[in-house]
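**Student:** Sequence:
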Amino acid sequence: MKDDSGEIFTLEEVAAYLKVGKRTVYRLAAAKKIPAFKVGGTWRFQRREIDQWIKRQTAEAQGNGVHGEPRGENG
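Mapping of the sequence shown onto the UniProt record's numbering: position 34 corresponds to residue 34, and the numbering continues sequentially without gaps.
Source of the hints: derived by calculation from the structure; they are not laboratory data. For every residue, glycine included, the Cβ atom is placed at its ideal position computed from N, Cα and C. You may find that some hints are simply not true.
Here are the computed lysine-lysine pairs in the DSS-like style, where the Cα-Cα straight-line distance is at most 27 Å [said to hold, decoys possible]:
(1) Lys55 - Lys22
(2) Lys22 - Lys38
(3) Lys38 - Lys55
(4) Lys19 - Lys38
(5) Lys55 - Lys32
(6) Lys32 - Lys22
(7) Lys19 - Lys55
(8) Lys19 - Lys33
(9) Lys19 - Lys32
Each pair of labels, with its calculated beta carbon distance range [said to hold, decoys possible]:
(10) Ala30 - Ile8: 26 to 36 Å
(11) Arg23 - Gln57: 14 to 24 Å
(12) Gly41 - Gln62: 13 to 23 Å
With the hints as extra help, turn the sequences into a complete structure.
**Tutor:** This is the structure we're talking about:
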């Protein structure tokens with residue numbers, strides 16, 4: 001089995017991987033809300049770091065009662 005943990009993604013590849021728009025990924029990277037670095041002025045992303053970021057986002061969402069649990073009287 002191939003180890004893809006060191007794989008480097010472009011902005012377009014991360015957008016496809018996360019199933020979001022390129023602009024969303026760009027904004028997250030520019031705001032330092034997603035692990036990223038620049039090479040020659042273009043954003044690059046390490047797959048391992050993106051996978052870890054996804055796990056953190058999922059854990060935070062579960063901790064905040066996002067999975068269909070009502071948060072107040074109005075649901």
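**Student:** Verify the proposed pairing of lysine 22 with lysine 38, using a straight-line Cα cut of 27 Å.
**Tutor:** Within the cut-off at roughly 15 Å; holds.
**Student:** Check the following: the C-beta atoms of glycine 41 and glutamine 62 are separated by a distance inside 13 to 23 Å.
**Tutor:** 37 Å, violated
**Student:** Quickly compare the C-alpha distance for lysine 55 and lysine 22 to 27 Å and report which way the hint goes.
**Tutor:** Within the cut-off at roughly 21 Å; holds.
**Student:** Is the Cα-Cα distance between lysine 19 and lysine 38 27 Å or less?
**Tutor:** It holds: about 21 Å lies between the C-alpha atoms, which stays within 27 Å.
**Student:** Holds or violated: are the alpha carbons of lysine 19 and lysine 55 at most 27 Å from each other?
**Tutor:** 16 Å, holds
**Student:** Is the hinted pair lysine 55 and lysine 32 satisfied, with a Cα-Cα distance of at most 27 Å?
**Tutor:** At roughly 17 Å apart (the allowed maximum being 27 Å), lysine 32 and lysine 55 satisfy the hint.
**Student:** Would the pair lysine 19 and lysine 33 pass a check requiring their Cα atoms to be no farther apart than 27 Å?
**Tutor:** 17 Å, holds
**Student:** Quickly compare the C-alpha distance for lysine 19 and lysine 32 to 27 Å and report which way the hint goes.
**Tutor:** Holds, because 19 Å separates the two Cα atoms, which is no more than 27 Å.
**Student:** When you take the CB atoms of arginine 23 and glutamine 57, is the distance between them in 14 to 24 Å?
**Tutor:** Once the Cβ atoms are compared, 18 Å apart, the range 14 to 24 Å for glutamine 57 and arginine 23 holds.
**Student:** Between the alpha carbons of lysine 32 and lysine 22, is the straight-line distance 27 Å or under?
**Tutor:** Judged against 27 Å, a Cα distance of about 15 Å means the pair holds.
**Student:** Could you say whether the range 26 to 36 Å given as a hint is met by the Cβ separation of alanine 30 and isoleucine 8?
**Tutor:** Since the Cβ atoms of alanine 30 and isoleucine 8 sit about 18 Å apart, the hinted range of 26 to 36 Å is violated.
**Student:** Holds or violated: are the alpha carbons of lysine 38 and lysine 55 at most 27 Å from each other?
**Tutor:** Between lysine 38 and lysine 55 the Cα gap is close to 23 Å, so the pair holds against 27 Å.
Comparing the model with each numbered hint stated earlier shows that hints 10 and 12 do not hold.
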